[in-house]
Amino acid sequence: EADIYQTPRYLVIGTGKKITLECSQTMGHDKMYWYQQDPGMELHLIHYSYGVNSTEKGDLSSESTVSRIRTEHFPLTLESARPSHTSQYLCASSGVAGEETQYFGPGTRLLVL
Amino acid sequence: GESVGLHLPTLSVQEGDNSIINCAYSNSASDYFIWYKQESGKGPQFIIDIRSNMDKRQGQRVTVLLNKTVKHLSLQIAATQPGDSAVYFCAEKSGFQKLVFGTGTRLLVSP
Chain A
1 EADIYQTPRY LVIGTGKKIT LECSQTMGHD KMYWYQQDPG MELHLIHYSY GVNSTEKGDL
61 SSESTVSRIR TEHFPLTLES ARPSHTSQYL CASSGVAGEE TQYFGPGTRL LVL
Chain B
1 GESVGLHLPT LSVQEGDNSI INCAYSNSAS DYFIWYKQES GKGPQFIIDI RSNMDKRQGQ
61 RVTVLLNKTV KHLSLQIAAT QPGDSAVYFC AEKSGFQKLV FGTGTRLLVS P
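Protein chains in written order, with the numbering used here: chain A, 1 to 113; chain B, 1 to 111.
Take these hints with a grain of salt, some might be off.
What the hints assert, rightly or not - Chain B side only, calculated, beta carbon under 8 Å to chain A, not exhaustive:
| id | residue |
| --- | --- |
| 1 | N27 |
| 2 | Y32 |
| 3 | I34 |
| 4 | G43 |
| 5 | D49 |
| 6 | I50 |
| 7 | K71 |
| 8 | K98 |
| 9 | F101 |
| 10 | G104 |
Said to hold, decoys possible - Using 30 Å as the maximum straight-line C-alpha spacing, the simulated DSS-like pairs for lysine-lysine come out as follows:
| id | chain 1 | residue 1 | chain 2 | residue 2 |
| --- | --- | --- | --- | --- |
| 11 | A | K31 | B | K56 |
| 12 | B | K42 | B | K98 |
| 13 | B | K42 | A | K17 |
| 14 | B | K56 | B | K42 |
| 15 | A | K31 | B | K42 |
| 16 | A | K57 | A | K17 |
| 17 | B | K37 | B | K68 |
| 18 | A | K18 | B | K42 |
As the list claims (entries may be wrong) - Computed list of chain A residues with no C-beta within reach of chain B, every gap over 10 Å:
| id | residue |
| --- | --- |
| 19 | Q6 |
| 20 | T15 |
| 21 | G16 |
| 22 | I19 |
| 23 | D30 |
| 24 | S61 |
| 25 | R68 |
| 26 | L90 |
| 27 | Q102 |
| 28 | R109 |
| 29 | L111 |
Calculated from the structure, these hints are not laboratory results. From a predicted model like this one, the values you see are computed outputs, not experimental measurements. Cβ atoms here follow ideal geometry from the backbone N, Cα and C, with glycine treated the same way.
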């Protein structure tokens with residue numbers, strides 16, 4: 001079982017609200033990732049980080065932002081939620097160079113009304 | 001660009017049968033491959049991985065086969081159980097590039 005946590009697990013929020021999805025890992029991994037996944041569909045990388053103070057945009061354009069102030073913490077923020085942001089958000093982390101396996105958290109299901 | 005795809009979106013098997021889930025990839029430079037299992041409402045869970053210098057790797061009830069000639073990856077599950085019902089994703093990686101995930105195959109196991 002991977003030691004990576006996401007909160008909240010479920011979130012229902014109104015349009016225009018600012019939200020932050022939390023992700024923490026206790027494995028000391030340098031690399032962390034955020035994916036967006038619609039039900040039954042593939043994973044789309046939206047952000048990643050190779051270490052503290054490092055953040056990069058992923059393959060899928062996203063209106064969200066991320067920060068990496070601490071190794072173990074990689075929060076994702078939506079400044080103004082919209083119904084198009086309704087999806088599942090998965091956080092993952094991976095270890096040192098040569099250890100490519102990504103370990104995933106349980107995900108946050110977001111519904112924007 | 002790179003792409004990883006699955007031949008069958010849904011695979012239905014009887015409990016006790018062996019299951020084979022297939023995956024095609026297009027990047028001949030890919031050197032690392034992973035299979036993930038994702039149950040409903042959960043994040044993907046690592047099952048097994050294989051590097052390009054291997055053709056076969058076995059785990060507990062699972063075997064991954066890699067055919068680099070035709071750029072094909074498969075996951076074999078022996079004696080499939082109802083608890084194996086999930087969506088299975090393959091993912092591939094080239095060097096220091098990011099993982100690229102396929103679209104997923106849903107495995108349905110009937111008792």
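Status of each hint after checking the structure:
For N27 (chain B), the shortest C-beta to C-beta distance to chain A is roughly 14 Å, which exceeds 8 Å, and the interface hint is violated. At about 5 Å, the closest approach between the beta carbon of Y32 (chain B) and any beta carbon in chain A falls short of 8 Å, and the interface hint on this residue holds. Because the beta carbon of I34 (chain B) sits about 6 Å from the nearest beta carbon in chain A, less than 8 Å, this interface hint is met. About 4 Å separates the beta-carbon of G43 (chain B) from the nearest beta-carbon of chain A, less than 8 Å, and the hint is met.
Proximity of D49 (chain B) to chain A holds as hinted, the smallest CB-CB distance being about 6 Å (cut-off 8 Å). Given the 8 Å rule on beta carbons, the hint for I50 (chain B) is violated: about 11 Å separates it from the nearest Cβ of chain A. Restraint check, K71 (chain B) versus chain A: the minimum CB separation of about 18 Å is more than 8 Å; hint violated. Proximity of K98 (chain B) to chain A holds as hinted, the smallest CB-CB distance being about 6 Å (cut-off 8 Å).
Given the 8 Å rule on beta carbons, the hint for F101 (chain B) holds: about 5 Å separates it from the nearest Cβ of chain A. Interface restraint check: G104 (chain B) against chain A, minimum CB-CB distance 6 Å, threshold 8 Å, status holds. Proposed proximity of K31 (chain A) and K56 (chain B) is supported: the alpha carbons are some 28 Å apart, at most 30 Å. Distance hint between K42 (chain B) and K98 (chain B) is fulfilled; the C-alpha atoms sit about 22 Å from each other, no more than 30 Å.
With a C-alpha separation of about 26 Å, the suggested pairing of K42 (chain B) with K17 (chain A) holds against the 30 Å cut-off. Of the supplied pair hints, the one linking K56 (chain B) and K42 (chain B) holds, its CA atoms being roughly 28 Å apart against a limit of 30 Å. Distance check on the hinted pair: K31 (chain A) and K42 (chain B) sit about 21 Å apart at the alpha-carbon level, within 30 Å; holds. Taking the CA atoms of K57 (chain A) and K17 (chain A), the gap is about 22 Å. The hint holds against a cut of 30 Å.
For the suggested pair K37 (chain B) and K68 (chain B), the alpha carbons sit about 23 Å apart, so the restraint of at most 30 Å is met. Of the pairs offered as hints, the one joining K18 (chain A) and K42 (chain B) holds, with about 25 Å between alpha carbons and a cut-off of 30 Å not exceeded. Against chain B, the non-interface label of Q6 (chain A) is violated: not every CB pair exceeds 10 Å, the least being about 8 Å. The Cβ of T15 (chain A) sits about 25 Å from the closest Cβ of chain B, beyond the 10 Å cut-off, so the non-interface label holds.
Every beta carbon of chain B lies more than 10 Å from that of G16 (chain A), the smallest distance being close to 27 Å; the non-interface claim holds. Listed as a non-interface residue, I19 (chain A) keeps its Cβ farther than 10 Å from every Cβ of chain B; the least gap is roughly 19 Å. Interface exclusion of D30 (chain A) from chain B stands, the closest Cβ pair being 13 Å apart, more than 10 Å. With a cut of 10 Å on Cβ distances, S61 (chain A) stays outside the contact zone with chain B, its closest approach being about 16 Å.
Interface exclusion of R68 (chain A) from chain B stands, the closest Cβ pair being 16 Å apart, more than 10 Å. The beta carbon of L90 (chain A) sits about 5 Å from the closest Cβ of chain B, which is not more than 10 Å, so the claim that it is off the interface is violated. Chain B draws Q102 (chain A) into its interface by the beta-carbon criterion, the shortest separation being 6 Å against a cut-off of 10 Å. R109 (chain A), annotated as away from the interface, has a beta carbon of chain B within 10 Å; the closest lies near 8 Å.
Interface exclusion of L111 (chain A) from chain B stands, the closest Cβ pair being 14 Å apart, more than 10 Å.
Hint check: violations occur at hints 1, 6, 7, 19, 26, 27 and 28; the rest are consistent with the structure.
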